[in-house]
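J.: What follows is each chain in one-letter form.
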Amino acid sequence: MKWFKQLTIAALIAVIGFSSVPASTPTATAASKLSGKIVINGSSALLPLTLQAANEFKKLNPKVKISASAAGSITGPQAVRKGIADIGAVDWDASKDVPGFKKFDGQVAHKVAVIPFAAVVNKNVTATNLTTKDLQGIFSGKIKNWKEVGGKDAEIIVVNRTFGSGTRVNFQDKALGGTDFMTKGDNYKEVKTSGDMKSAIETTPNAIGYMDLAYVTDKMTAVKINDIAPTEANVINGKYKVWGYGYYMTKGEPTGATKEFIKYVQSTKFQNGSLKKLKFIPISAIK
Amino acid sequence: MLESTHTGRQSGLSAELGKAILAGSSKPFDRRSRLFFSNRLFRYLCIAAASFVCLILFLILLLMFRTGVLTFGQISIADFFFSTEWNPENEQYGALIFIFGTFALTALTLLICVPISLIIAVFLSVFVPPWLKNMLRPVLDLLVGIPSVVYGYLGLTVLIPLIRTVTGSGMGDGLLAAALVLTIMVLPTVSRISDDAISAVPAKFSDASYALGATRFQTVWRVLLPSAKSGIMYAVILGMARAVGETMAVVMVIGNTPQLADSLLKPTSVLTSNIVMQISNVPFDSTWNYALYLMGFLLLIISLLMIVAIRWLQKRGAQA
Amino acid sequence: MKQALELTPPASPFSNKKGLNRLKDRAFTGIVWTLGVLIIAFIFGLLYLILQDGLPKITWDFIFGLPSEIDEGGGIGPTLINSFYILFISLLISIPLGMAAGIYLAEFAPDNKLIGFVRICVEGLASVPSIIFGLFGIALFVEYFEIGLTILGGAVSLAFLNLPVLTRVTEESIRSVPKELKSASFALGGTHLQTITRALIPAALNGIITGICLVAGRAFGESAVIILTAGVTTSGEMWDFSLFSPGATLAVHLWYVQSEAIVGDAQEIAQKAAAVLVFVVLLINLIFRIPLWLNARRTKRS
Numbered sequence: 292m293k294w295f296k297q298l299t300i301a302a303l304i305a306v307i308g309f310s311s312v313p314a315s316t317p318t319a320t321a322a323s324k325l326s327g328k329i330v331i332n333g334s335s336a337l338l339p340l341t342l343q344a345a346n347e348f349k350k351l352n353p354k355v356k357i358s359a360s361a362a363g364s365i366t367g368p369q370a371v372r373k374g375i376a377d378i379g380a381v382d383w384d385a386s387k388d389v390p391g392f393k394k395f396d397g398q399v400a401h402k403v404a405v406i407p408f409a410a411v412v413n414k415n416v417t418a419t420n421l422t423t424k425d426l427q428g429i430f431s432g433k434i435k436n437w438k439e440v441g442g443k444d445a446e447i448i449v450v451n452r453t454f455g456s457g458t459r460v461n462f463q464d465k466a467l468g469g470t471d472f473m474t475k476g477d478n479y480k481e482v483k484t485s486g487d488m489k490s491a492i493e494t495t496p497n498a499i500g501y502m503d504l505a506y507v508t509d510k511m512t513a514v515k516i517n518d519i520a521p522t523e524a525n526v527i528n529g530k531y532k533v534w535g536y537g538y539y540m541t542k543g544e545p546t547g548a549t550k551e552f553i554k555y556v557q558s559t560k561f562q563n564g565s566l567k568k569l570k571f572i573p574i575s576a577i578k
Numbered sequence: 010m011l012e013s014t015h016t017g018r019q020s021g022l023s024a025e026l027g028k029a030i031l032a033g034s035s036k037p038f039d040r041r042s043r044l045f046f047s048n049r050l051f052r053y054l055c056i057a058a059a060s061f062v063c064l065i066l067f068l069i070l071l072l073m074f075r076t077g078v079l080t081f082g083q084i085s086i087a088d089f090f091f092s093t094e095w096n097p098e099n100e101q102y103g104a105l106i107f108i109f110g111t112f113a114l115t116a117l118t119l120l121i122c123v124p125i126s127l128i129i130a131v132f133l134s135v136f137v138p139p140w141l142k143n144m145l146r147p148v149l150d151l152l153v154g155i156p157s158v159v160y161g162y163l164g165l166t167v168l169i170p171l172i173r174t175v176t177g178s179g180m181g182d183g184l185l186a187a188a189l190v191l192t193i194m195v196l197p198t199v200s201r202i203s204d205d206a207i208s209a210v211p212a213k214f215s216d217a218s219y220a221l222g223a224t225r226f227q228t229v230w231r232v233l234l235p236s237a238k239s240g241i242m243y244a245v246i247l248g249m250a251r252a253v254g255e256t257m258a259v260v261m262v263i264g265n266t267p268q269l270a271d272s273l274l275k276p277t278s279v280l281t282s283n284i285v286m287q288i289s290n291v292p293f294d295s296t297w298n299y300a301l302y303l304m305g306f307l308l309l310i311i312s313l314l315m316i317v318a319i320r321w322l323q324k325r326g327a328q329a
Numbered sequence: 465m466k467q468a469l470e471l472t473p474p475a476s477p478f479s480n481k482k483g484l485n486r487l488k489d490r491a492f493t494g495i496v497w498t499l500g501v502l503i504i505a506f507i508f509g510l511l512y513l514i515l516q517d518g519l520p521k522i523t524w525d526f527i528f529g530l531p532s533e534i535d536e537g538g539g540i541g542p543t544l545i546n547s548f549y550i551l552f553i554s555l556l557i558s559i560p561l562g563m564a565a566g567i568y569l570a571e572f573a574p575d576n577k578l579i580g581f582v583r584i585c586v587e588g589l590a591s592v593p594s595i596i597f598g599l600f601g602i603a604l605f606v607e608y609f610e611i612g613l614t615i616l617g618g619a620v621s622l623a624f625l626n627l628p629v630l631t632r633v634t635e636e637s638i639r640s641v642p643k644e645l646k647s648a649s650f651a652l653g654g655t656h657l658q659t660i661t662r663a664l665i666p667a668a669l670n671g672i673i674t675g676i677c678l679v680a681g682r683a684f685g686e687s688a689v690i691i692l693t694a695g696v697t698t699s700g701e702m703w704d705f706s707l708f709s710p711g712a713t714l715a716v717h718l719w720y721v722q723s724e725a726i727v728g729d730a731q732e733i734a735q736k737a738a739a740v741l742v743f744v745v746l747l748i749n750l751i752f753r754i755p756l757w758l759n760a761r762r763t764k765r766s
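As you go down the protein sequences, you meet chains A, B and C in turn. Position 94, counted from 1, in the first sequence is what this note's numbering calls 385; the numbers after and before it change by one each time, with no gaps. Position 2, counted from 1, in the second sequence is what this note's numbering calls 11; the numbers after and before it change by one each time, with no gaps. Position 22, counted from 1, in the third sequence is what this note's numbering calls 486; the numbers after and before it change by one each time, with no gaps.
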């Protein structure tokens, strides 16, 4: 079967009429002899970090080819299991069971970043300090009006991420103590990506949602949870509990280029440099 | 298929050679047989292309059906089609809401879109002078090329706030918003192809109509539109197909809530939006994933049924 | 065509409905003009809405620069190149195949149930959400051929996505060519091939080009298929024409910037990228129209 595949690929290329020689980049400064191909798939929330790391890593190791794709978190470890990706980015430790998802046997989790999450509301909302109980009530649909939590008289519009989003898994676990979300209602909608969440919260009066702290803009308000503001400092000093690790999953212990790439992402240089600039928190900052 | 193509060409060629020799021609490859040969070759190339297209379509159907049908290992057919409970976390996979949503959204879109498109098509093909028409056509084509993400974003940031202020509802997401966005997306396709169909009606038809003293309205209504019916139907089908299958823009404005849309302003969900929202977030080998593939297959069946229905109506209309 | 003639009423200029008819005609003309102008104005308004924020800010640095994750001022260079490259390859595959298949359906295919079924299937597939083609692309290229996320995989998947529409548009355009043209060509002793290439295709060119424009525009703006089959990264270099490089296109980049990017000027990049996209689609439409104009001039002269 293998020869057939190769033949078909060859035929495809012949049909299109291009020589398939991969553009070997002649680099005068061949600093590294490392070569290989890394395919990364998985969580789109970790994508900015992955892309930045890939760019820097390629500059150091010109012979390594890195390609990344992204969808839901779960695609990461799945792609690794199927063997179509070397690294699966995921927002939870996929080598263990989490609510809704079974563990992936034989995969090793590598922590690469700390991701803080924040509950956010539209600018017109006045109730900006909520307790865990308030949040549980709002996201489970029991609290329907802002006046019940100290705001003005207006119906609460709940914006949620779709099931399987790593942000949703973490927020449910860390901010809501595992309480179930509502699933329907006149004032309830689900969005697909962090960007959609951002637009929805910015443009919908009386809306509440949640996202990575990095996406919070000045066109919305990040609410205090139990009097604690969601800031980097509060995460590091342990007061703000709503955060999670971002992981790279590999099949067994990584080797070759993949190993070096993960090493690079975990290195102090990257963690304290680019990773911080991307508004993630270095893993070493958490004790 | 390939085998027969090959032998067919061979026998055709040898027969032609035979004829050429019988006719006493000294050159076996004279102009006539060359033409005949290229004719044959072209025909087989076309057949090969058509069968390749069929093969691809068949493979896609197979992929969706094979994965989708696994759903029924877990849940009954009746549950899937007639239950309104879509709650995969508790093993409930009722797709009725999405099926209904898809039908409702498509119908609503066509209701708004077809009359407007026809007016544009008539406007472009009958009313407007040629130079203006040549300017306006590329503009319409342009609208097709705008990525659906952009439409969705505009829907989310411009249209929904507008709906909110006009209707006074809290959210604005729902069938109405989705149908309006879809109308704008489908409009260029339907009006451009209808325009081509109307323009393709031979000029002598309308000349004859005017010569008989018909007004422009009568000519358009009784001559041009009926003559271009097949093309217009095709345009509507294509537009409908896009409306049924459009995802990225719909996802951003429909609200994505698995509840029956009993009002135009209630957040709901359709087959495509549900597939796109969830397919990248579910484990490959779960019933949930199978159910999503089944919904993809269902989507295809629905559009096939709509096409068959329209063709049937068209035939009946032609006979009456 | 025949029934159309039968449907035409013998509108008598001497009937007393004349006044009413004229009134109707006036009203009709008025309605069409008003609505036509309104809709055209609306379309221009929409274009203005999309272009106003982005177009003035576009610079050469933006068009040819490399994307950036952290610093503001990232460009779209490699993604733009990939867009053209993928579009080119996918059209190279889909136009000949789709046209040949359309010609077969219009000219050679026997009129039986099977062909009818195929025709309906082709129409139905035009409505399959593009994500299904993306999944098919993954199954074919990533899992079966094991070539990973590549330009090749993305381009071929995109070609598959466009095949049904191209096939149907070609068939429909060729069918709408008046029968007289075909008969005349045959009567002059033309073979079927000559008739198709010299009479039918030139006459149907208008429709076919419209179809290709629609398809090219759609392909240029398509993101779901490319994300799944060609990835969201580029090789990070300009002018990389390897078929096996990862191939994020401009539309994919737009999606990425709009949905996940953290970089400070993400909004501005999205607006500019959208403006570039719209502009390029306009350009594509113009370029594809050139053969049409030439064709029109030639037919006019002869």
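In short, the hints are calculated from the structure, not lab data. A few of these clues could be false.
[Unchecked claim] Subject to a maximum C-alpha distance of 27 Å in a straight line, what follows is the list of computed DSSO-like cross-link-like pairs (lysine-lysine):
| # | chain 1 | residue 1 | chain 2 | residue 2 |
| --- | --- | --- | --- | --- |
| 1 | C | K577 | B | K324 |
| 2 | A | K510 | C | K643 |
| 3 | C | K646 | B | K238 |
| 4 | A | K560 | A | K349 |
| 5 | C | K521 | B | K213 |
J.: Please flag the earlier hints that this structure goes against, numbers listed from lowest up.
T.: 2, 5
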